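Asker: Line order of the protein sequences matches chains X and B.
Just so we're aligned: 312 in the working numbering is position 311 of the first sequence, and the numbers increase by one with no gaps anywhere.
Just so we're aligned: 259 in the working numbering is position 258 of the second sequence, and the numbers increase by one with no gaps anywhere.
Computed from the model, here is a short list of chain B residues facing chain X with C-beta under 10 Å:
#: 1; residue: G98
#: 2; residue: I122
#: 3; residue: Y127
#: 4; residue: T418
#: 5; residue: V430
#: 6; residue: R435
Okay, the calculated bits of chain B under chain X, using three or more residues with CB under 8 Å as the criterion:
#: 7; segment: 69-76
#: 8; segment: 113-120
#: 9; segment: 240-254
Hints are computed from structural coordinates only; laboratory data are not their basis.
A quick note: this is a predicted structure, and the numbers were derived from the prediction, not measured.
In this text, a Cβ means the ideal position worked out from N, Cα and C, and glycines have one as well.
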Amino acid sequence: MLGLHLYELPLFFALQGVALYAILAGADFGAGIWQLLAGRGERAKRIRDHAHHSMAPVWEANHVWLIFVLVIVWTGYPIAFASMASTLAVALTAAGIGIVLRGVAYALRSASAGAAEVRAIDTLTAAGSVIAPFALAGAAGAIASQRVPVGNAAGDLWSSWLNPTSIMAGVLALLSSAYLAAVYLAADARREGDDEMAAIFRVRALVAGSVAGAAAIAGAVVVRSDARWIFDRLVEPPALLSVALSLLAGAATLVLVYRRRLDAARISAAIAVAAVVGGWALAQNPVLLPGLTVRQAAAPDNVLALLVVVILLGGLILFPSLGLLFRLVLRGSFSAQPRAERPAPPASSTGGVASTLTATRLAGACFAIGAALLLLGDSAWPRAAGVAALGAFIVLGLSALAGEDSRE
Amino acid sequence: MQSLSAMFGPVQQAYLLEARQMQALSFAVHIPLVCFGIAFPAMVLRAEWLWMRTGDEIYRLLAMRWTKVMVALFACGVVTGTILSFEMGLLWPGFMGTFGAVFGLGFALEGFSFFVEAIFIGIYVYGWNRMAARAHFVSGIPIVVAGLTGSLFVLSVNSWMNDPRGFAVRNGRITDVEPFSALFRNGHLGYEIVHMYLAGFIVTGFLVAAAYAVGRLRGRWGRYERIALTIPLTVAALAAPVQVLVGDWAAREVAKTQPTKLAALEGVAHTQRGAPLHLLGWYRDGEVKAGIPVPKGLSLLAFHDPDAEVQGLDGVPAADRPPVNVVRIAFQLMVSIGTFLAVLSIWYLFARTRRKRVPSGHWFYRLLVLAGPASVLALISGWVTTEVGRQPWVVYQVMRTTEAVTAAQGIPVGYATLAAFYACLIGAVAWILRRLARAPMATVAEPEHALGDS
Numbered sequence: 002m003l004g005l006h007l008y009e010l011p012l013f014f015a016l017q018g019v020a021l022y023a024i025l026a027g028a029d030f031g032a033g034i035w036q037l038l039a040g041r042g043e044r045a046k047r048i049r050d051h052a053h054h055s056m057a058p059v060w061e062a063n064h065v066w067l068i069f070v071l072v073i074v075w076t077g078y079p080i081a082f083a084s085m086a087s088t089l090a091v092a093l094t095a096a097g098i099g100i101v102l103r104g105v106a107y108a109l110r111s112a113s114a115g116a117a118e119v120r121a122i123d124t125l126t127a128a129g130s131v132i133a134p135f136a137l138a139g140a141a142g143a144i145a146s147q148r149v150p151v152g153n154a155a156g157d158l159w160s161s162w163l164n165p166t167s168i169m170a171g172v173l174a175l176l177s178s179a180y181l182a183a184v185y186l187a188a189d190a191r192r193e194g195d196d197e198m199a200a201i202f203r204v205r206a207l208v209a210g211s212v213a214g215a216a217a218i219a220g221a222v223v224v225r226s227d228a229r230w231i232f233d234r235l236v237e238p239p240a241l242l243s244v245a246l247s248l249l250a251g252a253a254t255l256v257l258v259y260r261r262r263l264d265a266a267r268i269s270a271a272i273a274v275a276a277v278v279g280g281w282a283l284a285q286n287p288v289l290l291p292g293l294t295v296r297q298a299a300a301p302d303n304v305l306a307l308l309v310v311v312i313l314l315g316g317l318i319l320f321p322s323l324g325l326l327f328r329l330v331l332r333g334s335f336s337a338q339p340r341a342e343r344p345a346p347p348a349s350s351t352g353g354v355a356s357t358l359t360a361t362r363l364a365g366a367c368f369a370i371g372a373a374l375l376l377l378g379d380s381a382w383p384r385a386a387g388v389a390a391l392g393a394f395i396v397l398g399l400s401a402l403a404g405e406d407s408r409e
Numbered sequence: 002m003q004s005l006s007a008m009f010g011p012v013q014q015a016y017l018l019e020a021r022q023m024q025a026l027s028f029a030v031h032i033p034l035v036c037f038g039i040a041f042p043a044m045v046l047r048a049e050w051l052w053m054r055t056g057d058e059i060y061r062l063l064a065m066r067w068t069k070v071m072v073a074l075f076a077c078g079v080v081t082g083t084i085l086s087f088e089m090g091l092l093w094p095g096f097m098g099t100f101g102a103v104f105g106l107g108f109a110l111e112g113f114s115f116f117v118e119a120i121f122i123g124i125y126v127y128g129w130n131r132m133a134a135r136a137h138f139v140s141g142i143p144i145v146v147a148g149l150t151g152s153l154f155v156l157s158v159n160s161w162m163n164d165p166r167g168f169a170v171r172n173g174r175i176t177d178v179e180p181f182s183a184l185f186r187n188g189h190l191g192y193e194i195v196h197m198y199l200a201g202f203i204v205t206g207f208l209v210a211a212a213y214a215v216g217r218l219r220g221r222w223g224r225y226e227r228i229a230l231t232i233p234l235t236v237a238a239l240a241a242p243v244q245v246l247v248g249d250w251a252a253r254e255v256a257k258t259q260p261t262k263l264a265a266l267e268g269v270a271h272t273q274r275g276a277p278l279h280l281l282g283w284y285r286d287g288e289v290k291a292g293i294p295v296p297k298g299l300s301l302l303a304f305h306d307p308d309a310e311v312q313g314l315d316g317v318p319a320a321d322r323p324p325v326n327v328v329r330i331a332f333q334l335m336v337s338i339g340t341f342l343a344v345l346s347i348w349y350l351f352a353r354t355r356r357k358r359v360p361s362g363h364w365f366y367r368l369l370v371l372a373g374p375a376s377v378l379a380l381i382s383g384w385v386t387t388e389v390g391r392q393p394w395v396v397y398q399v400m401r402t403t404e405a406v407t408a409a410q411g412i413p414v415g416y417a418t419l420a421a422f423y424a425c426l427i428g429a430v431a432w433i434l435r436r437l438a439r440a441p442m443a444t445v446a447e448p449e450h451a452l453g454d455s
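Please construct the entire structure, taking both the sequences and the accompanying hints into account.
Answerer: Laid out in structure tokens, this is it:
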């Protein structure tokens, strides 16, 4: 597939997961950053609410990409995963706390009422939107700058992810998340016909994009002096092509946002982020960690093959589902005014007393049969039959008790 | 089987116990949320289905109010689950690095279940009153299915840790890895998934019913409340007696494959025939003090034969035994609460089938209020029983937790930080639930109160 070896395939999928996480969760964290920076007052409240409503239907799915990446790496490249997670323990703990704060923000918002309350929630939890992308990008910077050796917590817990390259990566992640979020929120606002929010986030996108571009150039100087190995590989083909693509896409996004072509800007902004991940991967290849190549880190071939099959089959379920979710969101189905849907006319009444009695008796019989099979059985088949009978007991019991309490 | 020398070599970790407690804390916070992930969507759909079938608005109101609870708890479940997956590597790199290839696939499969759950939760929650009724109902079904498959895949890993197979150890290295037979052909998966899936409905059912039982004791008792109590309570009451039977299956499987765990959970010091069962009491110096003995009870329960031989803790060296009192007390808690829930369930089922109504006495509702938190305690006790009972092994009789743990410093700091954050999280959840319970009853006439507009 794509001229890749089997031992590279799971990593190839994992990197796509990293890119999608950086784009989708990045936009979510970015929305949190804009909520933090919104200030006070009525306009600030509208900014925070728009950022919330825009992300709320999709944030959970967006965050699952991180789990996707973790499980592929720990199944396909267990030694590398164990080395990374143990050395980057502090960074990952910080990121975890950030993610908890972000999730709690959504949970709290679902129950909050007053404007002051919502503002307090947004401010308290917005720290999560800063900590998580900074720590995760710092962890990526640790791997890129070869600060994660192979072994059980063999690297430094702090300097591995708090060093010039990691800090630069963290800052850049914050800026690009804010940029992405502003582009997406502007596009969402325009789709909803909210010109005020579209204008507000358009300006924010232009500012954040320019700052992110400047930071990327400054960052190159930092990486050159701090992590010469990865820098040299980033500025030669093939990685250079990807890096150049990222810069071009980032600049193109600015132009598109300026010209108010927000839907096209959505795509070019995503390309800019994905190309950074691609460039990093191409620059590191084939080295996963110092002294450990992708091939050396890979699990046995049969495990890798199964993993690829699981990913491909899972993708058959995942992508149509994601497509449905994003289509509903982008079509504006979830921001439309709720309507009072009438259900179909009630079906004819259920069987009444006689069938309830039958269901009760049948349920009792199933329980007796299931209990006997489970208590006396000592092997797989009687037990499976027993579980099936007990399952039937529960289903029949539910149908026997479906009617309402007859009092009143 | 010889103990495996961990791939990274043995480490010096002064805080192994704290690492285990940190992991246990994370599970204890996450697992009740998992129960809601498993069972609550089905209850919400039940209410919505009743609305579709009868056209009675009261069911829609109930389903919409429950949806708000569901989305808040699911958000907390997502983030606490993410923490757990981080901790696998943060705390147990020796385990992950050595066995990731053997069991990781279970989590990869779970990852897709999680995706499906998260995607359709988004569609279901924000699709309320914005999609056609039938399409909206159908969008909730994948959540229920993914709840089942997700638990199945996670438990495939846990059951493998208790009954490891599907690999060989040669010269301290893992070879001949067969992930599918490791995950799906071990002897524990069957009872673990049935036990946990039922627990999901029991915990969710009793907790939700307990909330309305509190309301009834305070005089809030109309048709809405009665429906809201009977939907969760009916399914929990049907599941609780079944759980007793599944518990018997679990105990017999443990007796067969993990005799030391059985010995710990009953406090059996010496291998013996016709072993007695002790209720209550405390294990010390090789015997249960102040317990109520049931002669031959353990042999009868664990092997269905009063004279069966039960292996004692002395069957293995002292270093290979779990801490007896923790495991034994957790087990007794689980069993006694489980029995209490089953009795309460039979009371309820009897009233519903014979008297055609929900029980009327105050005592039933007082006990029901108790049953909610008690079911969570039973759930956590059950996990303590199986996980602490597996000690000192992370992979039963193959890898010790001492070989799995991280070499990193500062575990107590991480533990304290997490504990503080989780205390806040629990406080936040309590605040959310109170808030949602007190929210005014929105009616269809007020669409601006619909979901997603909060």
